[in-house]
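J.: Count along the sequence shown from 1, then add 3; that gives the number in our numbering.
For the record, the hints were derived by calculation from the structure and aren't laboratory data. All values derive from a computational prediction rather than experimental measurement. We put the CB at the ideal spot given by N, CA and C, even for glycine. One or more of the hints may lead you astray.
Cβ pair distances, simulated, as ranges [said to hold, decoys possible]:
id	residue 1	residue 2	range
1	D31	K144	19 to 29 Å
2	K28	G118	38 to 48 Å
3	A139	D216	41 to 51 Å
Under the rule of at most 25 Å between Cα atoms (straight-line distance), these lysine-lysine pairs were calculated in the DSS-like manner [what the hints assert, rightly or not]:
id	residue 1	residue 2
4	K144	K36
5	K144	K126
6	K144	K35
7	K214	K78
8	K78	K67
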Amino acid sequence: MKDILLHTQGITKYFHDPNTFQVLKEIDLEVKKGEFLSLVGKSGSGKSTLLYLLSTMDMDFEGKLQINGEELTGKSPDYLARFRNEHIGFVFQFHFLLPEFTALENVMIPAMKLGKYPESKIKNKAMEKLDLLGIADQATKVSSKLSGGQQQRVAIARALINEPLILMGDEPTGNLDSVNSRIVFDIFKGLTRDLGQTIIAVTHDEDFASKTDRIIEMKDGKVTN
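Start from the sequences, fold in the hints, and give me the full structure.
T.: Laid out in C-alpha cells, this is it:
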C-alpha cells in the first residue's frame, strides 16, 4: 500500500436540484505514485464529478477519500483549501490566467498564497517551471498576449509551482488544436517519466487517453473496468 497515493472507498454522490439523482455509485479507486491516469466516458457518465471529489473541491459525498495516507473526509473547508493549494495542482480546459498579469506573475500566485517561501525564492521557482515547459522567454509578457498553447503551458507551470502530490486535469487539451494538444500530452508524459509526477486527467480525446498509463472508463456513475 505504500505506493498508493490516492484511495477511495465507496464514493457515492447525489445531486438534489431540481430532483434527487445519483451521479456516482460506490466508486473504489486506487492511484499509484507516479501514475498517469485518464478518466474517460460519455458526457454525464460522472467523470468530471469524480475528479472534483478527488480534488477535495466538493466533499459532499458518501464514502472515504485518502490522499498520501491522510483521511480527508470530515476535514474543515479551510483545512481542505490549504491542502489543495499545497498538494494538488489543477489544469482546466480554459487556462483561467489573470490577463493583466505576466506569465511569471500568474505562475507565482499559488505559491504566494501558500506563503511557505519568500517572494524571491518563489520567483526563482516560477522561472524554473516556465523553463521546464519551454516558455521562459515569455515570462515578462502579459498572459493576454500569449498564444493559446503558451497560455496552457503557463497554466501547467502554475499548477506545478507548489510541487503538488497530484496534478489533475479537466479536459486539459479540450480547447487546443492538435499540435498544441500533442505538446501538452508530451509535457504531462515527461512530468511522470522524469519527475515521477502523478497525473489524473479527464479527457474526451481518445488519442490522449490511449497513451496514458491507465484508462479508467466510467458509465452511468460507475467505473466499468
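J.: Look at each hint and say if it fits the structure.
T.: Hint-by-hint comparison with the structure:
1. D31 x K144: 19 to 29 Å: Given range 19 to 29 Å: violated, Cβ gap about 45 Å.
2. K28 x G118: 38 to 48 Å: 40 Å Cβ-Cβ, so the 38 to 48 Å window holds.
3. A139 x D216: 41 to 51 Å: violated (29 Å)
4. K144 x K36: Distance of about 35 Å is beyond 25 Å: violated.
5. K144 x K126: holds (15 Å)
6. K144 x K35: violated (37 Å)
7. K214 x K78: Judged against 25 Å, a Cα distance of about 35 Å means the pair is violated.
8. K78 x K67: The hint holds at about 12 Å.
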